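Peer 1: Spelled out, the chains give:
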Amino acid sequence: MSLHPDRLFPADDRTRAIARELHRRTTGLPLVSPHGHVDPRLMSRNEPFPDPARLFVVPDHYLTRMLYSQGYTPDQLGVPSADGSPSEADGRAIWRRFAENYHLFRGTPSRLWLDYTFAEVFGIYKPLSGETADDFYDHLSARLTEPDYLPRALFDKFNIEVLATTESPVDSLDPHAELEAMPAENGRKWGGPGGKVVTTFRPDNLVEPGWPGWKERVERLAEITGVDTSTFDGFLSALRARRRDFIAAGATCSDHGNRTAGTLDDPKKAAEIFHKALNGEADETEILQFPAYMLVEFARMSVEDGLVMQLHPGSDRNHNKWLYEGWGRDVGGDIPSSNEYTLELKPLLDAFGNDPRFRLVVYTLDETSFSREIAPLAGGYSAVFAGAPWWFLDSPEGMMRFREAIHETAGFYNTAGFVDDTRAFCSIPARHDVARRIDAAFLARLVAEHRMTEDEAGEVAVDLAYNLPRRIYGLEK
Amino acid sequence: MSLHPDRLFPADDRTRAIARELHRRTTGLPLVSPHGHVDPRLMSRNEPFPDPARLFVVPDHYLTRMLYSQGYTPDQLGVPSADGSPSEADGRAIWRRFAENYHLFRGTPSRLWLDYTFAEVFGIYKPLSGETADDFYDHLSARLTEPDYLPRALFDKFNIEVLATTESPVDSLDPHAELEAMPAENGRKWGGPGGKVVTTFRPDNLVEPGWPGWKERVERLAEITGVDTSTFDGFLSALRARRRDFIAAGATCSDHGNRTAGTLDDPKKAAEIFHKALNGEADETEILQFPAYMLVEFARMSVEDGLVMQLHPGSDRNHNKWLYEGWGRDVGGDIPSSNEYTLELKPLLDAFGNDPRFRLVVYTLDETSFSREIAPLAGGYSAVFAGAPWWFLDSPEGMMRFREAIHETAGFYNTAGFVDDTRAFCSIPARHDVARRIDAAFLARLVAEHRMTEDEAGEVAVDLAYNLPRRIYGLEK
Amino acid sequence: MSLHPDRLFPADDRTRAIARELHRRTTGLPLVSPHGHVDPRLMSRNEPFPDPARLFVVPDHYLTRMLYSQGYTPDQLGVPSADGSPSEADGRAIWRRFAENYHLFRGTPSRLWLDYTFAEVFGIYKPLSGETADDFYDHLSARLTEPDYLPRALFDKFNIEVLATTESPVDSLDPHAELEAMPAENGRKWGGPGGKVVTTFRPDNLVEPGWPGWKERVERLAEITGVDTSTFDGFLSALRARRRDFIAAGATCSDHGNRTAGTLDDPKKAAEIFHKALNGEADETEILQFPAYMLVEFARMSVEDGLVMQLHPGSDRNHNKWLYEGWGRDVGGDIPSSNEYTLELKPLLDAFGNDPRFRLVVYTLDETSFSREIAPLAGGYSAVFAGAPWWFLDSPEGMMRFREAIHETAGFYNTAGFVDDTRAFCSIPARHDVARRIDAAFLARLVAEHRMTEDEAGEVAVDLAYNLPRRIYGLEK
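Chains as they are written, first to last, in the working numbering: chain S, 60 to 536; chain R, 60 to 536; chain A, 60 to 536.
Don't take every hint at face value.
Note that the list lumps identical chains together, so a pair holds whenever it fits in one copy or between two copies.
[Claimed, not checked] Simulated crosslink set (DSBU-like; lysine-lysine; CA at most 35 Å straight-line):
1. Lys380 / Lys185
2. Lys380 / Lys335
3. Lys328 / Lys405
4. Lys328 / Lys185
5. Lys335 / Lys274
6. Lys274 / Lys405
7. Lys248 / Lys185
8. Lys335 / Lys405
Calculated directly from the structure, the hints in this document are not laboratory data. Computed from a predicted structure; not experimentally measured.
All chains, please: the whole structure from these sequences, using the hints.
Peer 2: The structure is reproduced here in structure tokens:
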């Protein structure tokens with residue numbers, strides 16, 4: 060079942076045959092991963108993965124949140140608590156809990172990704188359940204000790220052309236330096252510009268004055284760059300300097316996880332808030348607006364240095380107070396809420412929306428913006444591209460609705476191609492597999508309904524899977 | 060046509076065959092109806108239904124509103140006016156007007172429900188139209204006098220396991236007491252805890268100070284409970300006491316039709332508004348916010364007494380002024396508008412969202428919240444479940460979009476199962492039939508696309524139709 | 060490919076066969092075009108169309124905006140600049156640029172419309188591309204000089220029964236007078252009431268005090284009507300007088316492109332703002348609210364004079380500042396944003412929502428309102444009808460989602476039928492072809508799923524294509 064060759068293709072024979080043929084054209088293409096959250100040390104250190112529970116379950120908030128939703132606690136799943144109090148230490152116990160609840164994931168993308176990974180990466184072909192939990196655990200544990208399952212070996216096996224990680228300006232780029240220092244393979248370097256693993260500039264924790272430790276991070280930025288960050292101009296100079304470091308480490312993009320898509324173009328007002336915030340005198344509105352001013356400043360920098368800007372708004376971070384207080388950030392407690400783009404992005408687009416030197420990839424968690432705002436913006440401004448359906452929408456139905464809602468106004472060539480956006484290295488091929496299949500399925504319908512020829516659709520399929528992400532995210536060199 | 064055995068199943072042969080098989084597993088299951096508006100006296104009195112027009116047309120605002128939309132007046136349809144001025148008294152004339160306009164309902168769920176009811180319940184197999192109006196009227200009138208068409212006989216024929224009615228705390232529970240006093244049949248009591256007919260605690264008219272007669276109802280609550288309701292503490296105590304009465308009458312749920320999903324956790328402020336409102340001194344904002352405070356108070360009570368909380372926000376009640384002024388509430392003049400959940404529910408979820416003693420079923424009239432808010436909330440908080448698509452969305456397309464938008468993030472086991480939510484007793488089997496068919500059709504697609512095995516889908520189909528509503532709404536005993 | 064007889068029909072054989080049959084019933088029906096932007100002088104003068112680039116590319120902002128989105132400038136596409144600075148004058152060069160980028164339009168409605176027009180209207184059966192650009196240009200240029208390709212000849216060839224143009228109250232109605240003066244053909248006049256070409260009353264530039272030149276237009280209205288417009292009563296009288304002129308020129312509708320669907324019923328307050336605005340003393344809120352007051356005034360006039368009111372809100376006009384400043388209005392720089400109807404329309408509906416003399420056709424660019432607001436309003440108020448999916452939603456997927464979201468609550472008979480809304484005269488048959496095919500495809504699914512009989516669906520198909528637009532827009536005489 061899990062790996063039927065026609066999985067995710069439409070049921071009717073006519074469309075399925077076309078989908079199969081379109082998909083075939085993309086199966087051999089390398090994976091391009093211009094946006095994600097894999098730890099670069101995985102590749103620089105190339106150490107074996109931990110046990111199956113810690114590889115698959117504990118860090119994957121798609122899985123843990125589903126188990127919380129049915130009454131399990133983070134402690135029962137081995138998620139480290141904020142205060143260091145003990146949580147389940149036995150990987151096998153965690154794994155069993157997960158396996159016994161595998162039915163909860165029926166119909167979810169997690170289920171598709173895991174079934175693919177178990178079968179294609181680890182060679183397990185039976186269904187996971189309470190009964191087979193131990194078999195899986197033993198089989199996976201054994202594989203993880205083998206050289207073929209070390210991160211770099213998998214990287215090559217997965218046919219990844221390039222993988223972008225995500226770092227804050229105050230994070231170390233040492234892992235990327237280590238990668239760059241490694242010998243090239245088949246003429247490709249591991250790190251640095253044009254390398255297999257590149258970084259992405261993500262300054263969120265420097266632009267949200269309300270995020271605990273903000274002032275210390277602004278100071279840390281000064282230490283790293285040697286630029287005084289006690290003035291707004293200095294802060295901007297330091298960020299510019301740090302962007303140069305990131306570019307030297309291979310970055311082609313910046314990424315911005317602002318709460319909203321709000322933009323404000325007024326450096327003087329931004330400077331005022333910055334200084335107030337450093338002195339602890341900024342009010343709540345100012346604190347919330349500062350990222351909107353900064354987004355325009357970063358766009359200004361992009362025009363200069365060429366980093367492609369990615370914008371990921373719409374998530375109400377740490378919504379689940381109990382999770383946040385007990386187990387911290389990024390454990391599955393974020394919830395989307397509605398988002399505006401047309402009016403919010405206008406100041407930024409007034410400044411740079413038609414500038415050939417600027418590129419903005421817009422993501423959303425709010426599907427209502429697909430046809431109403433994002434498609435018209437991407438289909439009207441040279442700078443704007445529609446990012447792949449993200450997070451809760453990174454799923455067969457989400458991708459299908461994205462294509463259905465976007466392509467009639469923005470076409471295919473104002474969309475930026477698939478990004479896997481994953482922390483889970485082993486799931487990368489599975490995620491690209493789903494995306495390529497859904498695009499094939501969607502295009503097959505257009506062909507079957509005589510809205511496009513099969514040749515055109517084949518060209519589009521290859522562009523979506525490979526050429527567009529390389530081109531839009533600046534990874535063509 | 061109307062009752063083709065494959066109705067509502069996808070057209071392509073592969074998927075249709077699977078849908079047929081999945082549906083077959085649910086056809087014999089009893090109907091569980093945990094939320095609805097049938098009058099309990101129907102069962103306690105067991106009197107014959109009135110004439111066809113008064114059974115089918117006059118009280119069904121799905122039907123009357125469609126006829127208003129084409130220029131008919133409530134008077135022409137026999138809807139009683141607010142001031143007692145006469146309306147059409149001749150059932151046959153009303154029926155003819157309805158039958159002549161049956162084409163207006165093409166493609167609507169009302170049409171599906173009625174065609175099912177005419178055929179399966181009343182044995183009429185021809186299409187309704189102006190020409191057949193009288194035949195229908197005569198046939199239906201004749202059936203309605205027969206013992207097999209008395210309410211209790213139909214209850215058993217429909218294979219209803221449990222039917223929840225809805226009462227206000229100031230409504231009498233006498234009909235439920237009468238039901239409880241009736242002899243058990245096949246080991247099942249008609250009323251009381253675990254009975255065939257149970258009540259639901261719906262306090263809307265006690266928590267909206269702006270609703271005419273509010274103060275009188277607060278006083279009436281004191282009379283009923285013997286608890287002084289002139290203080291906020293007393294008011295809460297009286298509500299708690301009344302909840303105990305409802306639980307004794309079989310209630311397992313409360314239901315809340317607030318205008319928004321707003322919640323506010325501040326009993327002191329709530330008390331302040333309560334006292335102001337009693338004195339006629341609350342301002343408009345306070346009046347609108349009082350239900351938000353009360354929702355948290357009711358959640359607090361649920362944690363204590365175990366009533367499952369249902370929340371039905373999003374309807375702008377009595378939008379059609381002409382209808383409201385002439386014919387009163389609940390005649391089809393409500394119109395939905397947009398609704399927020401993520402931020403609005405946060406205070407309540409901060410307090411009880413992860414509490415194993417609390418359960419909240421969230422409904423919506425705003426589909427934009429399906430994938431953006433309700434699925435993430437249901438798939439992240441142990442207390443939250445996604446309620447069935449409601450009212451204008453209780454339809455084949457509405458249900459299909461609900462499943463498509465919800466299941467990838469929340470799975471199937473964070474949805475609460477179908478509720479028919481009907482005033483129209485005779486439509487209950489038709490409504491469950493549509494829901495079971497659409498779930499079968501949806502699951503069949505997942506199977507046909509190799510996203511789930513047929514065995515898994517069969518298990519899910521049975522869970523959605525029977526096990527989940529019993530479990531989530533506390534009806535398993 | 061482009062003109063496969065089954066284009067836009069679902070792929071599975073069962074549904075496709077039904078769609079083919081339903082569509083067949085509509086293919087011979089005349090085209091009714093109750094809303095659009097064709098220049099009436101096209102018909103009154105009957106001059107040959109200009110070169111292919113100026114016919115197809117330059118004035119079509121669906122095409123130019125897509126080319127801007129990929130970095131082309133309006134100058135490169137021959138769009139006249141605001142300051143008269145030169146733009147590309149060579150039609151062939153513009154055409155080549157367009158043809159080389161034809162792949163950008165894959166999957167878009169523009170592509171469907173153009174392929175249809177090239178084949179069915181101009182007899183070109185090969186695909187457009189950079190290679191075939193010159194062949195197309197030569198072929199089209201040759202055809203455009205032939206008598207069969209003069210506007211009136213095409214009007215008849217297209218089988219257009221009636222075409223509504225759109226004029227402002229301060230526009231001249233001379234072209235319509237010229238049409239009325241032309242000899243009747245086959246018993247049908249070209250202009251005037253019941254003519255082949257009628258006008259529509261669109262007062263936007265008189266109700267937005269913030270639109271440059273507003274005061275001058277208010278004065279111009281006085282000149283045209285001979286009514287003093289320096290008082291609000293005079294302004295209303297002049298508008299009433301002008302509506303009589305429009306009705307004499309065949310108008311059956313008014314059209315309103317307000318930014319929002321906001322309505323306010325307070326003539327005294329409206330008068331106050333009007334006078335302030337004339338004196339340049341209205342503040343921003345007042346300026347934004349004036350159209351909301353005026354909408355109710357126009358509804359009041361409709362009740363008197365019978366013009367059907369059309370409402371097109373939701374577009375943030377001239378969003379692309381660079382385009383607006385360089386090339387002016389209506390060149391593709393508008394972007395939708397979210398829109399409310401339920402609360403916004405309430406004042407107008409309180410006044411006239413159930414008045415049999417009033418009819419309001421509501422359009423939207425915000426799909427979220429389809430099921431949530433527009434269907435319930437159209438399915439509940441006798442005055443309200445759901446307008447066809449508009450602009451960015453005038454597309455196969457947009458139309459399909461419209462039907463899916465609307466019909467279960469409003470049925471088919473509260474929708475107003477297709478309007479092509481086009482400036483591009485030659486695309487009219489293509490647009491109706493797409494609409495009729497999509498409605499056939501949608502209805503075919505309902506038949507295939509046994510939700511409607513094929514006979515009923517055939518009747519609905521004809522009603523949607525022909526009877527409903529004639530009836531709802533008052534074109535039956």
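Peer 1: All the hints need checking, so say for each whether the structure fits it.
Peer 2: Here is how each hint holds up against the structure:
| no. | hint | verdict |
| --- | --- | --- |
| 1 | Lys380 / Lys185 | neither (38 Å within a copy, 58 Å between copies) |
| 2 | Lys380 / Lys335 | both (28 Å within a copy, 32 Å between copies) |
| 3 | Lys328 / Lys405 | both (18 Å within a copy, 32 Å between copies) |
| 4 | Lys328 / Lys185 | neither (60 Å within a copy, 57 Å between copies) |
| 5 | Lys335 / Lys274 | within (11 Å within a copy, 45 Å between copies) |
| 6 | Lys274 / Lys405 | both (30 Å within a copy, 28 Å between copies) |
| 7 | Lys248 / Lys185 | neither (38 Å within a copy, 47 Å between copies) |
| 8 | Lys335 / Lys405 | both (26 Å within a copy, 30 Å between copies) |
In summary, the numbered hints that this structure violates are 1, 4, 7.
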